[in-house]
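**Q** Assemble the complex: chain A is given as a structure, and chain B must be docked to it using the hints.
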Amino acid sequence: MQHIRNFCIIAHIDHGKSTLADRLLQQTNTVKEREFQNQVLDSMDLEREKGITIKSHAVQMQYEQAGKQYTLNLIDTPGHVDFSYEVSRSIAACEGALLVVDATQGIQAQTISNLYLAIENDLDIIPVLNKMDMPSAEPEEVSEQIIDLLGCDKEDILQVSAKTGEGIENVLNAIIHKIRPPEGDENAPLQALIFDSFFNPFRGIIAYFRIMNGQIHKDDFVKFIATGKEYHADEIGILSLSREPRNTLKAGNVGYIISGIKTAKEVKVGDTITHVERPSKESIEGFKEIKPMVFAGIYPVDADDYEELRSSLEKLQLNDASLSYEPESSMALGFGFRCGFLGLLHMEIIQERLDREFNMDVITTVPNVSYKIYTTKKEVLDVHNPSGMPPLNLIERIEEPYIIAQIITKTEYIGAIMKLCLDKRGMLKSQIYLTSNRIEITFELPLGEIVFDFYDKLKSCSKGYASFDYHINDYKPSKLAKLDILLNGDPVDALSTLIHVDNAYSFGRRMCEKLKELIPRQQFDIAIQAAIGSKIIARETVKAVRKDVTAKCYGGDISRKRKLLEKQKKGKKRMRQIGNVEVPQSAFLAVLKID
Amino acid sequence: MAGIYIHIPFCLQKCSYCNFYSESDISLKDKLINTLLTEIKLRASYLNNETVRTIYFGGGTPTLLLPNEIQQMIDAVFSLFQLSDEIEITLEANPNNLTEEYIKQLSATAINRLSIGIQSFYDNDLQTLGRIHTAKQAEESILLAQKYHFNNLSIDLMYGFPGLTLEKWKYNLNKIKNIQHISCYQLTLEKKSLLYQKIKNGILLSTPEDEIIEQYHYLISFAKKHHFIHYETSNFCQENFESKHNTSYWQDALYLGIGPSAHSYNRESRQWNISDNKAYITFFENLLSSEDYDLKGENVVFEKEILTTDMRFNEYIMTSLRTIWGCSLDYIQQHFGKSYLKHLRQQLSNIQPDFYILSPSSLRLTEKGNLFADYIAASLFV
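For the protein sequence lines, the chains are A and B, in the order given.
Taking the numbering used here, the leading residue of the first sequence gets 252, the next gets one more, and so forth.
Taking the numbering used here, the leading residue of the second sequence gets 22, the next gets one more, and so forth.
Pulled out of the complex, with its shape left as it was, chain B reads as follows:
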């Protein structure tokens, strides 16, 4: 089973917390779409004929593309890859782009899951976060999506950022209690982000740790009350509504990343495309105009890291322990070998027993352990 990620590297406005790659100049949009199509074609063999179970349009802002442009790319994937019958195709959406007309067109495409980046239902929070949409647009976008039968919806919310009180957090969560899937991210202050600068310069006050923890605990109790399954550190869903695409990242599945800055993984190496729209486009144009389609000079457009077994084991531990399923001991034995299993058991002795549950088939973290998943993972690394 494998997934395909397609990165749409445009944002009209950069969010204050974001350090992902995007460009605000969308004049290259058409060229970029063509290049994405080219890359899909040229890299059709990357997944070794494994069945594609998910396609995910992320960004940037994928909803800056027209629904038919998105469908073009889906068609390209459909024509070149083995597909699962129950393929999940997700589109990350900005509320301000989700007009009735747009959603209507979307409903005619193969997109069957929308992930709407709402973050907060308060305008002043949206301003702090540098979001381009309003609270009103956020509420409307949900209603419209539901109206057009997108019944696998995901909403992103954020907590722990300057200005969000517990009261506001409760209000925000209450707005999405009937949604199938929610992702609630604690603010990560990225050094290259505007928000980091503002806090550093004293323009904004960072939230005290105690308040963040309080918001987190409220989130956990809210999820329980409304029957959300807390299936990954920051992800909650109604039964059977996990994000299949994201879950594959945490279960050592293959993925092909298309577009500038996208990462790909095939269990031997990880590679990531250049974070530069122009260089990305130029590379593939030159490639097409040359006589042979051989990917010569491929290192110009991507960087690659060959993964050792140790590295892969560490990654598997690090990602799988974030999930409710934990890491599979069978999987470790099969894919990494018995010695890794032994190592894991040995290292566990250094970890507080109330942080994990070790069953004959898996190692997973307790609710308490979830809070320290990074520390635990690092302790279990080889």
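This is chain A alone, in the form it adopts within the complex:
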């Protein structure tokens, strides 16, 4: 155990985490030169493209120094706020962390919140300045930021370039000497922390764990404490670049277990593995059921694809337990699913994976957060779908989830960001100057305001120089209204939203304007109305087509004309019929991007 080091890397997107990991793998000969593919650990195409890690990964390296053989376990963490619970579990599995900061950009909000997590978990932190090869590197200024945060000495900060390989030896050296070896009792009852799981089509669910105490053997009977389920350890092993089976793994080490588990739901990140015989009395602290925070309906574009969508979601859930879904139906969109996501990025990822991996064409409805509705009958309802809202007269009060958001930006963008947050019903909590021109602003904001277009707006009002992180705080009373959209008097359920009363009027007006652009003229006038209850708050009209007939249709025109009308008819089939109004798919999508 003295020769094991467990560590993770904390870094902001694009600060070079994956590249640094690649270098470590090369330097320790874990990856042979010819097998090398940039960003080895980001195994999903989507991860490589987005430059963020979605799933955790783990890899074991062997490194010899001064005649001693060290086992280094790198646990790679997801790089986005949506997955902060997974990050916290990965951190809990380590004794140390590399804090990687881009020397050209400085510390970002995401990094700070993960760093706090690491410090809370008492991890040994090794600060690393990356991208030192760049001419725009500002090691002095960024070092100061790090010293402010960590209270470390300047000499403790390593200067590297993951790109060129400069300084990588020093990083390995620091991992061995600055990160303490794991503690734990090999002879105590087994306690292993699950920090991630993967779905393998041949082997089922593979759980990744860190053994805190005790040891695990092949063919052991094990129990997952939170779920209470018992399994046979068909295979255990370590994670080099690929899985390497072992017969025994002991406290302090990181490994995997295959035990014929079929569904991802059975393997919960944060759960504790112990033995059926001689079980550990306690589970490892910090386990939480993760709950989806953002909800949206997902419908197949072609109604015939409903069953296929169901099986696609099923498969996605196999390796993404945080995705939840249940059947729902909409008058406008037919049959589909109400899906729960950890956040907006998670929702985007699911949409993209449906498209790429399953070739599914889907419509996603306006996302909602989960509201608590206290009824006059003293019930508390969790409502995350406008259609689930009880009649107004039965509602006593509504509470909505609030987040604490940290934004780090340059001082010149404070004004714009403050305005944005205040417009989004935010309350300023604190304002801390990190350096003379970098500031950390903390806001309390309703989550419902974030799920819409907050990221995009933040990006544009700060020209990209703002980093953002949040965590869920608590529920607070809210003046919430259900905003309905009516087409010629018929409500379109897929366009209903739950929205704060203060925003309802302007949002309703913009919805109507947008729909007017998107709904093609038909044989009659179409009234587009926004309503709260029975009160109409905005209206637009799509004027009727007055004439729809070609002037000439002679021998030479017939083929072309027929093809044109056939195409029109096909296009119409893809439209959704709301009462007598035909609504194109684009209308359902575009209202997501109203500003």
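Treat the hints loosely; a few may be bogus.
[Stated by the list, open to error] In silico BS3-like pairs for lysine-lysine, Cα to Cα no more than 30 Å straight-line:
#1 Lys767(A) to Lys221(B)
#2 Lys812(A) to Lys219(B)
#3 Lys389(B) to Lys803(A)
#4 Lys765(A) to Lys212(B)
#5 Lys820(A) to Lys389(B)
#6 Lys803(A) to Lys213(B)
#7 Lys196(B) to Lys798(A)
#8 Lys389(B) to Lys821(A)
#9 Lys62(B) to Lys798(A)
#10 Lys363(B) to Lys824(A)
#11 Lys710(A) to Lys245(B)
#12 Lys680(A) to Lys727(A)
#13 Lys794(A) to Lys359(B)
#14 Lys821(A) to Lys363(B)
#15 Lys198(B) to Lys798(A)
#16 Lys820(A) to Lys359(B)
#17 Lys221(B) to Lys812(A)
#18 Lys765(A) to Lys198(B)
#19 Lys245(B) to Lys814(A)
#20 Lys814(A) to Lys221(B)
#21 Lys213(B) to Lys794(A)
#22 Lys299(B) to Lys812(A)
#23 Lys820(A) to Lys213(B)
#24 Lys821(A) to Lys299(B)
#25 Lys196(B) to Lys821(A)
#26 Lys814(A) to Lys359(B)
[What the hints assert, rightly or not] Selected chain A positions facing chain B (Cβ under 8 Å, derived; list incomplete):
#27 Arg797
#28 Lys798
#29 Val800
#30 Thr801
#31 Ala802
#32 Lys803
#33 Ile809
#34 Ser810
#35 Leu816
#36 Lys820
#37 Ser837
Derived from the structure by calculation, the hints contain no laboratory data.
All C-beta atoms, glycine included, are put in the ideal place defined by N, C-alpha and C.
**A** For chain B alone, coordinates are given in the frame of chain A:
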């Protein structure tokens, strides 16, 4: 019953709204006439011995040909096809070509119907439309045609184009109230046309929809007042003066198209000749000089689309609903089958009841429905 269309692909000047095929270089005229004669001969069997009821010279500008050249082609048709006793032979004519001498010669040919492309009786409109003739020539051409006893005259007018006011439209219509047949086309802005470019670039202002509709309604009331039968979307006539040729397009009749870019239809397929005078001429020259007259490599000179029953049904609906007679339910049952009739009745339920009249024998559109004929047709498509 069948029709023959002969395309004369020359125009000295292209109209600004037009995207039909024509060439301004008329040096190939003689060769082209010879080739048209060749094609008529080679394709004599296309119509399966069905009786030819109409011949139509369209363009382009057919009046760039001399009357005797036109008669040569009529003679060729007469010698090779079964003919109806009451054959209608139409010539599309440009007013500027209709000099007294020309009309006099025409009256000696078998042409018995003239369709004069006037478009407007205002010079500034004619300029906007890129027409080669003047308002004065337009008026004179009508008088001359009447003088030489062309008593089956058709006049083309256009509305809904930049610069045409309701007042001017009324004046234009009033000029032709005594004509047997009128075709009044709302301007269709073709993307490849000059007019489209000019409107897109802001040189001309397109007419507001309300004004176009007003012009259309005036046209309908004018037609009623002067006892014109509104027998097709854009066509009006005195009793028994329908264009037999054009009507055949809307009633699933066979037609043979001769000349570059001309379309032919035989209920199994539609084919259209290449839109290139030189390639067209060369193809038939090579064919004649080769040993056998077999139409080998025929796909070089035309494209062909095999029509499925669905496609033919769609076309029948699309064209027949444009007419006052509508589509014949008997015809649908006989030529397409009962299932199509069932489909038609089912689809009708999605259409406003005041758009159509369904009788035991036919489905036709109301005056209101006429305005939405395309939408209705598309809704009824299989």
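**Q** Against the structure, test the hints numbered earlier, and report the numbers of the ones violated in rising order.
**A** 9, 11, 13, 18, 19, 24, 25 and 37
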